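**Student:** Sequence:
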Amino acid sequence: MSDNKSFEKSMQRLDEIVNLLEKNEQSLDETISLFEEGLKLAAVCDEKLKAFELKINELTKEE
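Quick note: the sequence shown, position 35, residue 52 per this note's numbering, numbers continuous.
Derived by calculation from the structure, the hints in this document are not laboratory data. Keep in mind that the hints are not guaranteed to be accurate.
Said to hold, decoys possible - Only pairs whose alpha carbons sit at most 25 Å apart, straight line, appear in this in silico DSS-like list of lysine-lysine:
1) Lys57 / Lys72
2) Lys40 / Lys26
3) Lys65 / Lys22
4) Lys67 / Lys26
5) Lys22 / Lys67
The structure displayed is predicted, hence computed values, not measured ones.
Make the full structure from the sequences, and use the hints.
**Tutor:** Written as structure tokens, this is what we have:
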């Protein structure tokens, strides 16, 4: 997983992980791996959202 993924691709993968986890059809090891990947993606998305918010605040202050 790369931090360079677009926000949309990260969210899409996070949605896929949630759907897989909801089905509960994986082994415990795979479930843990998916959960870990999901936590990392959520953190990446959160950072990107904060950066977007900062940028929007900067842009609106300039006007």
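**Student:** Now tell me, hint by hint, if it's right for this structure.
**Tutor:** Cross-check of the supplied hints:
Restraint check for Lys57 and Lys72: satisfied, since their Cα atoms lie roughly 23 Å apart, inside the 25 Å limit. As the CA atoms of Lys40 and Lys26 are separated by approximately 21 Å, the hinted pair is consistent with the 25 Å bound. A C-alpha spacing of about 10 Å is found between Lys65 and Lys22, which places the hinted pair at or below 25 Å, so the restraint holds. Under the criterion of a C-alpha separation no larger than 25 Å, the hint pairing Lys67 with Lys26 is consistent with the structure, at around 17 Å.
Our distance criterion of 25 Å between C-alpha atoms is met by Lys22 and Lys67, whose separation comes to about 16 Å.
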